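What follows is each chain in one-letter form.
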Amino acid sequence: MDDVVIRTARREELVDVTQHVEAAAVRAGVREGVAFVWVPHTTAAVTVNEGADPSVGRDLLAALRRLVAASGPWEHREGNSDAHVKATLVGPSVAIPVHDGRLALGTWQAVFFCEFDGPRQRRLCITVTPAAG
Amino acid sequence: MDDVVIRTARREELVDVTQHVEAAAVRAGVREGVAFVWVPHTTAAVTVNEGADPSVGRDLLAALRRLVAASGPWEHREGNSDAHVKATLVGPSVAIPVHDGRLALGTWQAVFFCEFDGPRQRRLCITVTPAAG
Amino acid sequence: MDDVVIRTARREELVDVTQHVEAAAVRAGVREGVAFVWVPHTTAAVTVNEGADPSVGRDLLAALRRLVAASGPWEHREGNSDAHVKATLVGPSVAIPVHDGRLALGTWQAVFFCEFDGPRQRRLCITVTPAAG
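Residue numbers (our numbering), protein chains in the order written: chain A, 1 to 133; chain B, 134 to 266; chain C, 267 to 399.
FYI, nobody ran anything at the bench for these hints, they're computed from the structure.
Treat the hints with caution; some may be incorrect.
Said to hold, decoys possible - Pair by pair, the computed Cβ-Cβ distance ranges are:
{"#": "1", "chain 1": "A", "residue 1": "Gln121", "chain 2": "B", "residue 2": "Arg210", "range": "49 to 59 angstroms"}
{"#": "2", "chain 1": "C", "residue 1": "Arg332", "chain 2": "A", "residue 2": "Ala52", "range": "24 to 34 angstroms"}
{"#": "3", "chain 1": "A", "residue 1": "Ala52", "chain 2": "C", "residue 2": "Ala336", "range": "14 to 24 angstroms"}
A quick note: this is a predicted structure, and the numbers were derived from the prediction, not measured.
Think of the CB as a built atom: it goes at the ideal place given N, C-alpha and C, for glycine as much as any other residue.
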């Protein structure tokens, strides 16, 4: 398992981590398989979306704020229930195919660590498993 | 594949299944790999979120009810379209790394079976695959 | 990695791709393992939900339209930010267990390619990894 440290700078932020995942896939030396990206936190998540135009990520964070109001009402007393809900909506894991020893991302795809309750120091875990045959 | 029976008691409920997933990972005897949790139902899901304070789970269920009104409007005649939509938003699978023979969960993370149309008897399937190298 | 071409006919559409995933699992010759379905696009996704009654899929698309208004407000200038947000909410990957050489889908489950910005020619990638032991 590869462990990467991510430092976020704002309460909500997308951090492009594609190069970390790609590097882990190359280090694993797998020609055909799957790279698993895991976020070991409950107020952050991981997604794959357009990496070329940063306005897509800003639109995503704005849409999530409209869907899950920070103001609640919430029962949990730490003031970050919106971040917990967003973490589940986006999800803690993605599974990306490895093909010919590289991440098989589409033309416009990038992997994003999603911070919903920063700034904090965070971790990202990457595990690569080989395909059958 | 490990098959676990889950009995839910309410229409909507989070059930902490971390110990079942941990037990399956240990049984598989894998030092480094990935544990896949699968929900073979269309009105339930699986997520990972905070396990220490049960108010987080209640906030999550309440937020999902605000997002997807049970009253619709819906075309499907069985009265549970809200549960089908929530199942897709949360998702039927998570992939959790196994490190040193244990689930590599973060400090606050627990695995939750998400019931959206109970009470019912449900199943949870766990498969463990070894990492490369 | 199996690569399947999907042609969508509308802006938003669910396409049942269960048979493609099942065929890839059989071709891989794996008795116990996991089939990973991957969408290499940023305005499409993959989910698992009820396959018997097509009104469930229509309810899902309608609920997503209510959650993420096409009209925004959006910063991204291509007019498809709603599709990018839906892609992240539904997700680019699912991991389905393979048991006794077949996909271990529940009675009502089918795998759906989710088009949110069609009609287009799309791809679906399937990788199968063997379980431990």
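Here is what the structure says about each hint:
1. Range check, Gln121 (chain A) to Arg210 (chain B): about 50 angstroms between beta-carbon atoms, so the 49 to 59 angstroms window is met.
2. The supplied range of 24 to 34 angstroms is met by Arg332 (chain C) and Ala52 (chain A), whose beta-carbon atoms lie about 29 angstroms from each other.
3. Under the hint 14 to 24 angstroms, the C-beta atoms of Ala52 (chain A) and Ala336 (chain C), about 21 angstroms apart, fit the expected range.
Against the hints set out earlier in the document, no violation occurs for any number.
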